[in-house]
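Number of protein chains: 2
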Amino acid sequence: MSGEDAPAQQQNAVDQKQETKPTEEPKTETESAPAAGAAEAAATPAATTEKVPEEEAFTYRALVLTGYGGYDKVKLQVKKGKPVLKAGEIMVRVKACGLNFADLMARQGLYDRLPSPPVTPGMECSGVVEAVGEEVTDRKVGDKVMVLSRFGLWQEVAVVPAAHTFLIPEGMSFEDAAALPVNYITAYMMLFDFGNLRPNQSVLVHAAAGGVGIAATQLCKTVKDVTVFGTASATKHETISEGGVTHPIDYRTKDYVEEVRKISPKGLDIVLDPLGGSDTHKAYNLLKPMGKLITYGTSNMLAGQKKNLLAVAKNWYHQFSIHTLSLIQGNKSVCGFHLGYLDGEMELISQAMDIVLDLYKQGKIKPRIDSTWHLEQVGDAMRKMQERNNIGKVVLTTEPMPEEEKKEEPKKEDKKEDKKKDDKKKDDKKKDDAKKEEKKDDKKKEEPKKEEKKEEEKKEEPKKEEK
Amino acid sequence: MSGEDAPAQQQNAVDQKQETKPTEEPKTETESAPAAGAAEAAATPAATTEKVPEEEAFTYRALVLTGYGGYDKVKLQVKKGKPVLKAGEIMVRVKACGLNFADLMARQGLYDRLPSPPVTPGMECSGVVEAVGEEVTDRKVGDKVMVLSRFGLWQEVAVVPAAHTFLIPEGMSFEDAAALPVNYITAYMMLFDFGNLRPNQSVLVHAAAGGVGIAATQLCKTVKDVTVFGTASATKHETISEGGVTHPIDYRTKDYVEEVRKISPKGLDIVLDPLGGSDTHKAYNLLKPMGKLITYGTSNMLAGQKKNLLAVAKNWYHQFSIHTLSLIQGNKSVCGFHLGYLDGEMELISQAMDIVLDLYKQGKIKPRIDSTWHLEQVGDAMRKMQERNNIGKVVLTTEPMPEEEKKEEPKKEDKKEDKKKDDKKKDDKKKDDAKKEEKKDDKKKEEPKKEEKKEEEKKEEPKKEEK
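Chains as they are written, first to last, in the numbering used here: chain D, 29 to 495; chain E, 29 to 495.
Just so you know, these hints were derived from the structure itself, not from any lab. All C-beta atoms, glycine included, are put in the ideal place defined by N, C-alpha and C. The reader is advised that the hints may include incorrect statements.
[To be verified] Simulated restraints, written as ranges between beta carbons of each label pair:
#: 1; chain 1: D; residue 1: Glu162; chain 2: E; residue 2: Gln357; range: 47 to 57 Å
#: 2; chain 1: E; residue 1: Gln357; chain 2: D; residue 2: Glu270; range: 31 to 41 Å
#: 3; chain 1: E; residue 1: Glu286; chain 2: D; residue 2: Glu270; range: 30 to 40 Å
#: 4; chain 1: E; residue 1: Gly372; chain 2: D; residue 2: Lys249; range: 22 to 32 Å
#: 5; chain 1: D; residue 1: Gln390; chain 2: E; residue 2: Lys392; range: 25 to 35 Å
#: 6; chain 1: E; residue 1: Arg226; chain 2: D; residue 2: Gln390; range: 45 to 55 Å
#: 7; chain 1: E; residue 1: Lys290; chain 2: D; residue 2: Lys334; range: 22 to 32 Å
#: 8; chain 1: E; residue 1: Arg226; chain 2: D; residue 2: Arg280; range: 36 to 46 Å
#: 9; chain 1: D; residue 1: Lys249; chain 2: E; residue 2: Asp386; range: 41 to 51 Å
#: 10; chain 1: E; residue 1: Ser261; chain 2: D; residue 2: Gly332; range: 53 to 63 Å
#: 11; chain 1: D; residue 1: Arg280; chain 2: E; residue 2: Ser378; range: 33 to 43 Å
Given these sequences and hints, build the entire structure.
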């Protein structure tokens, strides 16, 4: 199945410029033939007709960020041409993909590790090896793998260096495998490399119901007598408590600093901070002597669908800057972590992954899937995550979407673990109703999309928006 | 031996205002009677004659910082009055004291953990328990202990909380015991708590021939395949190489950043930075992804005997301040450490000390004493350390100084480990000659001391120099 002439980098594969329609519009769109490994091409635009027929026969669906902005900026397109593998690379038939906050930041143009649009986002996926390039000795066709990459994995076929893949352990589903790499490696390296977590220590986990939050909580519980403070809205408290959070805190109604101080007056050993801005200051002040603040994002910058200049400016204004003399006098540590900037360090990442997979095999950790969405539903999947309505990981599946399902509902949601959650479901229903209200508003906003698009295309040509 | 009416804090004990003469002046001065635990008082000034005779009978020599400035600001005085022990405290007959950079900073008014003068400096000592207060269950009269304190240990008798003392292991000399606590706890907590040092990592140790430098090197060698880069002037390279430094770098003739990059192009896992200022920037840039910079001082501020405003200003100007976004994008950690600000955390310190003492008992670490000086020689001891002429720890002994030794020579210097060091000795001799030259210059400067003193006394009254 290895290709010949097409460019090796999947993001360079020939893009079909004609975009498939977003899910809100009920028109028919191209679906791939599921098992065959090749999809029917959408109507081929004139620009690509010079390609040779064999290449055209190999097509696959891909999500493409077409410009910075709202959820509708990520379009489902069909790429054409079988990728050529360079030495050390493998081609993966993707089964499931993980969503991460960096993907949301990237959509708004707030993440500089993604090339400028058009580009396929996606830092992690799972799938089956379909072809191996030269010099690849440790992967073979048919291997089930999970993949880490700087970007480019939200598509049905991905070409990646074999060194960026990890064998999926026996019994792990493709969804779990797509949910695991970014969140668990991030949580592991923060807690055990920078954080040096030891028994009897205390940790504050923000967004404890998010992907990293749940991973961090599970990893904390692998160490004896670690106290986990976790922020989340009240409806999620039961779930995160069951997951290992010792003290859930509703950050929407309470001052989390006060809540922590009530229980732990001296402060904390470790604070994981995905928020940035003024929350980083609070985190720093909550540290005990020898405490470690590990900041790994600026999610406070994300306000609304599109880049919110006020939120960005506010975040920058409050962004934490620390003087070494303050660190010395406080005996404190401030660390920054982002897996997206660590892609040259596969040895470090592999070491962490080995340990994480061992813990999985021992049953000590397990990704919690919030919901799984078809590629066509990526906008709703992103919305669920950005609006903090998820508990656990939001996952995309490359399985074709049955015609009758082409609604806004996720493929599966909150599957399993549904016992004794009747009360919660009522809450969720309320939340969902609220969400539908919001969506109506969004749709109104999305109607003038065509005009917007033209403007974006103008902007995209000079690629000024790239940092 | 417990006293009754005198103030409990040793620094509050009645000071004999008449200062003993600095060592440069060959006049006779009061010496304590060595074994008896009480010293002949110096001529008692009129101001203290109202004290009751029993208290006056208990006297002891103490070094006192009388004002901020040069080496001569630390005077040997006689304190009078038996300290009263509070619950939990013990009285220690001090045998030896360690010198630390913080003591040098304190003398110049650059260390805010020392109360304003007059005050007895000294963060560590060793000695024998002479009395125990109420509620002390784990120390008894006769125990050999080492002591950590914020200040106040450079004297013959020290009253400290029992919790700030550690039993000296069998076979460890008082000198080694006075040399161990600050340097080894500092090095241990930096490398293994903040640094999370693991096999195959690389560490840059500045001032590798200093007390912390030697401790850090020895501790690095307890971990498999750790590469140690150590800066020191060329004459010290042989010694630090024998002590475990893999790559000694002469920072006086070479750019240490370039030297490190030649050998380790990707950079380092850990940098220990006692320098501050622009060297902290260099350290940060030398870090690998997931690297840790641990800054623990601002010795660049120390230029000359007295506070050098230019050096202080330059250091402040270049002082490192880091933005969290830079940390995130670099996947780096910046930590500040200073044992002097950790005195409320005896549990953490005790844990570290237990491990350090275990390593000592296993023969894996051993303090290296550069030289031992009498209390009368404290100025020369400080000078040796400040001028970076030491290899290892500079120690004070409370043993009385024989009349014939009342010169500038240390009590013992570079004792032991003298095999196959003939070449080195020649170098040292050259260095000593050079030092004598310098000292001649200093003496010239010190001659107009009496005039200076008057001015200082004026300044000391309003205590404006205290931060």
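Right, here's what the structure says about each hint:
The hinted range of 47 to 57 Å is not satisfied by Glu162(D) and Gln357(E), whose Cβ atoms lie roughly 34 Å apart. Here the CB-CB span from Gln357(E) to Glu270(D) is close to 36 Å, well matched to the stated 31 to 41 Å. Look at Glu286(E) against Glu270(D): about 55 Å separates their beta carbons, and that is not inside 30 to 40 Å. Distance hint check: the CB atoms of Gly372(E) and Lys249(D) are about 29 Å apart, consistent with the given range 22 to 32 Å.
Between Gln390(D) and Lys392(E) the Cβ separation comes to about 33 Å, which falls inside the hinted range of 25 to 35 Å. Checking the proposed 45 to 55 Å range against Arg226(E) and Gln390(D) shows it is violated: the Cβ atoms sit about 22 Å from each other. Range check, Lys290(E) to Lys334(D): Cβ separation about 48 Å, and the 22 to 32 Å hint is violated. Look at Arg226(E) against Arg280(D): about 40 Å separates their beta carbons, and that is inside 36 to 46 Å.
A C-beta distance of roughly 29 Å is found between Lys249(D) and Asp386(E), which places it outside the suggested range of 41 to 51 Å. In this structure the hint that Ser261(E) and Gly332(D) lie 53 to 63 Å apart at CB holds, the actual value being about 59 Å. Here the CB-CB span from Arg280(D) to Ser378(E) is close to 41 Å, well matched to the stated 33 to 43 Å.
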